[in-house]
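J.: So you can see what is in the structure, the chains are spelled out below.
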Amino acid sequence: MAVEITGPKVLFTIGPVVVTNTIVTSWVIIALIVAVCYWLTKDLKPVPETKKQIVAEKLVSMVYDLTDSTMGKKWRNFAPYVAALFAYSFVSSMSGLTGVRAPTSDLSIILAMALVTFTMIQVTGIKAKGFWGHFKKFLNPLNLISEIATPVSMTFRHFGNIAAGVVITTLLYAALAYFSTVILNLIPISFIQQIPVLQVGLPAFLSIYFDVFTSFLQAYIFIMLTMVYVSMAED
Amino acid sequence: MPNTYLDLVSFVPWTLIFTWLNLFILYSLIKKFLFKPVNNMLEQRKNEINTMYETAQQAQTNAEEMEKEYSERMAQAREEAGEIIKQATLSAQRREQEIISDAQEKAAIMTKRAEAEIAQERKKAYQEIKNEISDISVAIAGKMVQREISAADHEALISQFIENVGEV
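In the order they appear, the protein sequences are chains A and B. Numbered per the working numbering, the first sequence spans residues 1 to 235. Numbered per the working numbering, the second sequence spans residues 1001 to 1168.
If we strip away everything but chain A, and leave its shape as in the complex, we get (with noise of 0.2 Å):
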């Protein structure tokens, strides 16, 4: 019985455009995303007068609150992006628990976020110290790689764990089929042969550590390292 590990699954191409299972994912977990935010902000009053203002003051505040704490109070324009950031971290690892292919398991994406950190690194430096001011550092040969390893440190860490989830769970349901073959074809009847009942349960309690906890442990993760390269490239 052969396990196969693969990427994601191109879709469809228009001409020399690429969709893959992991864009359109993507583009239902941000449909989501904006939805609950629309959804939580639609009726805000000075009093409370829902929970769901509660919540979305909360969050706007712990928001406010991390980037504040790690980048002083005139980074609050960041604060968004930063929500944006985990909002979409979290929302797709979590949404391989439905069965689809996270889209944090897929390369591409996760170096596109980490390539905006990066610019933003780039840019922030560049603003603060004038162009020379920023790049002379990089006459040290030793500055230029660590410079270089940031967003790709970043990439392998958030894709690794995500996507070493995706093969353990891959794998686990592979050999979990296999075991209850193994055990059900004491009975003699092909149907219930085909059942594979120790799929249930068990994958359950390993995606709580795979799934939810790595996903809010990664997402954390990529936000805070944004945060401190991007305000630490100040000086």
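Note that these hints are calculated values from the structure, not bench results. Do not take every clue at face value.
Below 30 Å or equal to it, Euclidean Cα-Cα: the simulated BS3-like pairs (lysine-lysine) are [claimed, not checked]:
no.	chain 1	residue 1	chain 2	residue 2
1	B	Lys1112	B	Lys1124
2	B	Lys1112	B	Lys1130
3	B	Lys1046	A	Lys42
4	B	Lys1032	B	Lys1046
5	A	Lys51	A	Lys73
6	B	Lys1031	A	Lys42
7	A	Lys74	A	Lys52
8	B	Lys1046	A	Lys51
9	A	Lys45	B	Lys1046
10	A	Lys137	A	Lys73
11	B	Lys1031	A	Lys129
12	A	Lys58	B	Lys1032
13	A	Lys58	B	Lys1046
14	A	Lys127	B	Lys1032
15	B	Lys1032	A	Lys74
16	A	Lys73	A	Lys129
17	B	Lys1031	A	Lys73
18	B	Lys1046	B	Lys1036
19	A	Lys137	A	Lys127
Chain A is fixed; fit chain B onto it per the hints.
T.: Below, chain B without anything else, positioned relative to chain A:
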């Protein structure tokens, strides 16, 4: 190449571009639908609270002013009332004095007049008696003349008569 699976570690440039677009769209929409409304509402809340504080402050200042004015007026009114009572008492006392002295004066005048009347009346009575005495004397004298009384009788009669008159 639709419906083909890529390798687990694969790189698709189009996915990169789509993700950048996605991130930008998500950032804009989260800003528009989550941060902006909440920030606007917080601003509104702040303004409302400030207005409420200002109104409360104003109301308190007004109340304090009114209380001050009220107590001032009360004190003034009490003073005025005291003044009025004092004035009234004074004028009543004066009036009392006037009435008393007036009454005394009138009484004195009446007493004087009564005394004068009495004196006049007495005088008049005295005169009348005197006249009567004279008449009686003349009558007695006429009778005496008719009877031819003695000198001693005459004298005794007169003195007796005068004595009687003196008792009038």
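J.: Please name the hints from earlier in the document that this structure breaks, with their numbers sorted from lowest to highest.
T.: none
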